[in-house]
Every structure is written in structure tokens, then in C-alpha cells.
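Peer 1: In case you want the letters, here they are:
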Amino acid sequence: MKATAFALTLVAAAVFIHASSALPAFGTADAPASAHVSPRYIERGYEETGAHNLVTAVLADYRGYDTLGETTVIFTAGLAALLIIGAGAAWSWEGRPR
Amino acid sequence: MTAYAPVLIVVVPLTAAALVPLAALVSGRLARAVALLAITAAAAAALAALVAVLEHGAMRHRFGGWPPPWGIEYVVDPLSGLMALLVAGFGVLVAVYAGPAVATAPRLLNGAFHAMYLLLLSGLLGMVLTGDLFNLYVFLEISSLAVYALIALGSERATIASFRYLLLGTVAGSFYLLGVGYLYALTGTLNMADLTVRLAPLAGSPGVTVGVALIVVGLAIKMALFPLHGWLPDAYAFAPTPVTGLIAAVMTKVSAYVLFRVLFFVLHPAATTPDALALLGWAAAAATVAGSVMALAQADVKRMLAYSSVGQMGCIVMGFALGTPLAVTGALLHILNHAVMKGCLFLAAGGVQFRTGAARVPEYDGAASRAPLSVAAFTIAACSLVGLPPTAGFFSKWYLLVASVEQGMWPFTLALVASSLLSAVYLFRVVQRAYFGRAPQETGRARAGAAELPLAMLVPVALLAAAVVVLGLLNQAVVTQVIASALPALEAR
Amino acid sequence: MTGTWVAWLHYWLTGGLLLVGLYGMLAAPHLVRKLMGMNIMQTSIIIFFLGLAAKTDATLPIVPTDDPAPAAAAYINPLPHALMLTAIVVGVSTSGVALALILRIHRHFGTLDERDLLSKLRE
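Protein chains in written order, with my numbering: chain Y, 180 to 277; chain L, 75 to 567; chain X, 1256 to 1378.
Extracted from the complex, chain Y is given alone in its bound form:
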């Protein structure tokens, strides 16, 4: 198992080294990541959403649906803990009609 794990890790390392040449330069303002969608968030974020903090503007307004998904994830995890170690642990599905 350790040998396969090590081999897989080496393969992954090779893949990432190969890809690192294609990534844009670090920290430039005209990299595609910072030049296409996000200038609107910065330039018009406060006027369109009223939030000074632009991360809040993105999280709560532009991409508010993702935040709904995120709160659902927390809810799901809490409910999962309930099912796994709370009420769910005391009830056995086996022996029930399948």
C-alpha cells in the first residue's frame, strides 16, 4: 500500500510540475484571473451592493447563492453528526423491512 501510495504521489508531483510552467505570473494585475471578472467587483462593488468589504459583496450579493449552499453544507454536516452518533446510532436499520 505504501509503495502504491508513493508511486501515485510521484505521478501527481510530475503532473503539477508540468503544469506550473503554464500558470500565469504571480501577482500581476493583468493575469486573466484578475483581469476578466473581478475588476467589476472592485470598481462597482460598493456602488452596486453597498458593502465596503468587497469579499462581503461577492459572498453576500454577487455569489449569494454559493453562500446559501455553504450554510446548507453546515446544516448537512450537523444533521449527519446527529444521524451518525446521535439518534441514528441508537436505531438499527437491520431487521427492519428492506
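Hints listed in this document are in silico derivations from the structure and should not be mistaken for laboratory results.
Model, not experiment: these values are computed from the prediction.
Every residue gets a Cβ at the ideal spot worked out from N, C-alpha and C, and that includes glycine.
Among the clues, some could well be false.
Said to hold, decoys possible - The calculated label-pair distances, taken between Cβ atoms and stated as ranges, are:
no., chain 1, residue 1, chain 2, residue 2, range
1, L, L351, Y, L247, 34 to 42 Å
2, L, A558, X, R1288, 21 to 29 Å
3, Y, I253, L, G482, 35 to 43 Å
4, X, L1354, L, A540, 39 to 47 Å
5, Y, A186, L, L351, 23 to 31 Å
6, X, R1362, Y, L247, 32 to 40 Å
7, Y, L189, X, K1375, 29 to 37 Å
8, L, V100, Y, G265, 13 to 21 Å
9, L, P301, Y, S271, 40 to 48 Å
10, X, D1312, Y, A239, 23 to 31 Å
11, X, D1312, Y, G257, 41 to 49 Å
What the hints assert, rightly or not - Chain Y is faced by these chain L residues, among others (derived, beta-carbon under 10 Å):
no., residue
12, L242
13, T263
14, A267
Claimed, not checked - Rough simulated footprint, nothing fancy, chain L against chain X, three-plus residues with beta-carbon under 8 Å:
no., segment
15, 1259-1272
16, 1277-1289
17, 1309-1322
18, 1356-1362
19, 1367-1377
Guided by the hints, dock chains L and X onto chain Y, whose structure is given.
Peer 2: Leaving out everything else, chains L and X in the frame of chain Y:
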């Protein structure tokens, strides 16, 4: 109202999932009713959306009114509408089927189970409808967490299976996220339609290749593509039967659908490099054969069906790898067909186990005399899996076979034929035992009584068996109306 | 901070962390160590994403009242930070569910060694 259908399909189960535990404080019956109502509403919305889309063209919804790519967008086109209907429809059937099993559970557990069930479905529906790659990741994680908890309900050993699935599933999600990060670094956008435009000039660059490869590996783990299928047999075998029926039918299919979107929409017309598709194709061919061979070796029926799923996912990815319109049509049709077939097989097997206590192949002797309808449904679905006309499975396998012959890919053709033959062996041996075997003495586990199964379990099984045949007869309509409209991008390649 | 050595350090550190986490997850026999490997892997991906937001000579993405026309080059990219907040929450939730499963497994089986557990699964 129909204009909001794309949103309602996902948001109604999501909101209901928050309300169900409150309803459970009153009674378990109320919680179940709320859950069933929510998922039926989602299925109705999906049907309405599909009808509207077939008439008027694709429907889009912008969350918060923000135009993509600055905001998140839901897109319903004929194919995603059909997938949403499939997921929601299955959700209704399995919720009904699971009724007798949880009817005797305490209130809190009823509430938690149904809430988790709704969360799983809204996660899957969100994955199908979204047009944004990061939003897909969020809903992927919602459905994954829900599934880990639902699988762990099966038995104490199911918790181990669930943990293994958790580890692999998180690797899958992380790889997917990293791939999205690479694509974002290179193009600056997360919206699928926008990525299509901005990836075109970057085709073939190592960054794009690695980004897409990471996304594909992540999705392959979720789809249980050999050799990344390790989590699937244990998870399917130890989870409660309704849960297995649902996840076998829709969860892997949704991941396959997302793979289709990534390979043939996001990357078009940049064109996935032929080498990458070839590699995927060889993995798929290996999956097809290996899955079928391993299924043959299983004595436990649920495990056998689980390995069979591994094989059939191989057929689907083989269709994607071949890349021609005919092959992709076959693969998409097989996604639809396999969902219905596998769901029917698992639920029918569950019915037989309920009635006779049979869980392993030798125990199926004479089952047909004691559980005739379940065994009949199992037989119909088995014929479809093997590929006998006029059941649905014949048509999708036919498309895939013709496509692989056209492309001259003889190893693929052989793999498909071999898998059909092997499925005939491992499925028909069960059918033969059920019909012609001699029933053992009545064991203590069998249930006496007039009705074979509670109505709540019988109706879904019968409906699915009927659907297997109906889909086969209607496959022409499905292909021309729904699948063909998803393929124009391919015609141009 | 500028310069190619920062970029080199950033990509190689996050890549290295990812590989450490991946190896730990695959090779460690103890379930809690697997979970730790998983967390390390998720964290490395988050840090990688955050690096995409950096801009030279730019400040935090908070627009003060006395800047009516913010220039895109003066503030770092807020989008990866927002996305990674969600990813962090997802990672924490997954760890929570994993720990619940570990607790349940330990209560029932008494062991957290993967090899022992797999043999119990098969019997």
C-alpha cells in the same frame, strides 16, 4: 410560475429539508408527508420545466439578477431538464419505497432521515442544473455529505464503508476544486458558457490539460470509474436498500452527466486532446470488462449489482471517449437507461429480501414462487442490462456497439460484447434459480402473509420495471427530442 | 511582496503540501492520520487559490469611503477569497462528519486501524 421552475426544482427540497426536522417534532408521519410533498413538487417543477424547454428553448435563471459571469446562473436545456426529472422522479419513488422501513423509527430519526434525503436530492439537482463550476462544487459537497450519513445508517459495518467513501469522495472534490482553480487562473471566469469561449484560444496548453485532467479524475472517482471504484462495492452492499437504490440509480449518473458537460461543452471547440480521450477510453474498456468479471465472482446479490454498475459506467465513458455523435448519443441514452435499470434491480432485490430474506445468490432458489412480482421486475431489468430488445438497454448498447465498430475500435467492441455476455451469466443465473430452483424450507426470516410486499414498496418496483420497457419503446423520441439537442456542438467537431 | 522567488515559493509550497497530504491519506493506516492528511490536502488547495488573488502593490479589498472610483489595480482580487471561505467551511464540515464516523467506528469496533477494519468488513 414556470419561469421560476429552474429555481424551484432545487430550492423547494432545500427549504423543506430545514422544515422537516421541525415537522418531526410533531410526528414522524408529518415529517414524511412534508418530505414527500417537497420532492413531488420538485419532480412536477422538473416536468413543467422540461415541457417548457422542449417547446421554447433553453431556460436560464440568474440568481440575484446578476448577469453571468459575475453572478451564478441555472440553465435548463432539454438534457439537463431530463436529468433533473430523472433525479427528482427517482427521489419520489425511493421515498415512497423507504416508507415501510422508517415508519417504525422514532420521530427524531424520521425527521433527520428525511431531511438528509431531501438534502441529497437538492445537492444532485443543483449539480445538474447549475451553469457555474464552483456552484457545482458546493452542491457536490452537499450531496456527498448527505450520502455519507445515509450510507452509515445501514449497519455498524456500513460506517467503515462510509468512511472509506468519505476519504475518496473528498479527494475527488478536492481534485475537482483544484482543476477549477487551474481553469480560473488561466481564464478568469467560473461560468461554463463563458469558459467555453475563453478556453478556445488556449487549447492544448499544459495548464488547461492539467486543469481538465484534475476535474476528470475528480469526477471519475465520484463515478466509480475503474480503477478508482474502490469505495463503491462496500458502500452499495452495506447501505440501506432504499439508499443504495437511489445512489446506484442517480448519483453516479449525475457525475457522468457533469463529465459530459465538461468534456463536450466547456472544452468545445477547444477539443479535448485525442490522447486524453484515448486514455479515458482504455480505462473505460478495462472498467467494462473488470466490472463484469468481478460481478460474476460475487455471491452477495447487492455486491454483484454494485460491480455490475462499475462495468456499466465503463460503457458510458467508452461512449464519451469515442467522441462521435453516435457514441455520445449512446452514452447519454445509457445514462438514462442504466439509472432506471439499476434502480429497478436494486429495489426488486430489496423486495425479494424483504419477502424471503434472500441476500445471496444461492438463497434465491424458488424465490419466484414466494415473491413473483419482485422477481418478474428483476427479470425485466436484467434483460435490459444484458441488452435484449425491446427493453431500453438494447438501444443504448446498440448505439455504442455501432459507434465503436464505425470507429474501428475493436477492443471496445469486444469489451461491450463481453460485458453483455458476462451480465447475462451473472444475472440470469439468479433468475434461473428464482424460477426453477427448489425453495428451501421456510426460514424464520421469511414473512408470512398474503401481500408480497407492502404497496409502498411494490408500486415503485412495478413502475420502474414498466419504465424499462417504455423507455425502450420510446427511445427514438428521447434521442431525437432531447439528446440530439444537446449534441449540436459535436456536429461541428 | 514581489519577485519570482515568491511565486516559486508559493507554487512549490502548496504543491508540496498537497503531495504530503495525499501521501498521508493513502499510506497511513490509522484513520485519524488519514483525516489529517485529508485536511492538509484541502488546506494546500485553499492556499493555492488564494495566491491567485495577489496583485503587486495592491491593498486589502476594502473600499474606504474616500475612494469614489476604485481602481482595479489598487485592490487585490476578492473573488478567490470569497470562494475559499466557502471551501474552508466545506472542509470543516467534512472533517466534522469524518470525526463523527471515527467516533462511531471506535465505539463499536474498538480499533481505528484500517487493515483491521477492512478485515472486519470482509468477514
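Peer 1: For every hint, state whether the structure bears it out.
Peer 2: How the hints compare with the structure:
| no. | hint | result |
| --- | --- | --- |
| 1 | L351(L) x L247(Y): 34 to 42 Å | holds (36 Å) |
| 2 | A558(L) x R1288(X): 21 to 29 Å | violated (51 Å) |
| 3 | I253(Y) x G482(L): 35 to 43 Å | violated (52 Å) |
| 4 | L1354(X) x A540(L): 39 to 47 Å | holds (44 Å) |
| 5 | A186(Y) x L351(L): 23 to 31 Å | holds (24 Å) |
| 6 | R1362(X) x L247(Y): 32 to 40 Å | holds (34 Å) |
| 7 | L189(Y) x K1375(X): 29 to 37 Å | holds (32 Å) |
| 8 | V100(L) x G265(Y): 13 to 21 Å | holds (19 Å) |
| 9 | P301(L) x S271(Y): 40 to 48 Å | violated (34 Å) |
| 10 | D1312(X) x A239(Y): 23 to 31 Å | holds (28 Å) |
| 11 | D1312(X) x G257(Y): 41 to 49 Å | holds (43 Å) |
| 12 | L242 | violated (13 Å) |
| 13 | T263 | holds (5 Å) |
| 14 | A267 | violated (13 Å) |
| 15 | 1259-1272 | violated (count 0) |
| 16 | 1277-1289 | holds (count 4) |
| 17 | 1309-1322 | violated (count 0) |
| 18 | 1356-1362 | holds (count 4) |
| 19 | 1367-1377 | holds (count 4) |
When the structure is compared with the earlier hints, violations turn up for hints 2, 3, 9, 12, 14, 15 and 17 and for no others.
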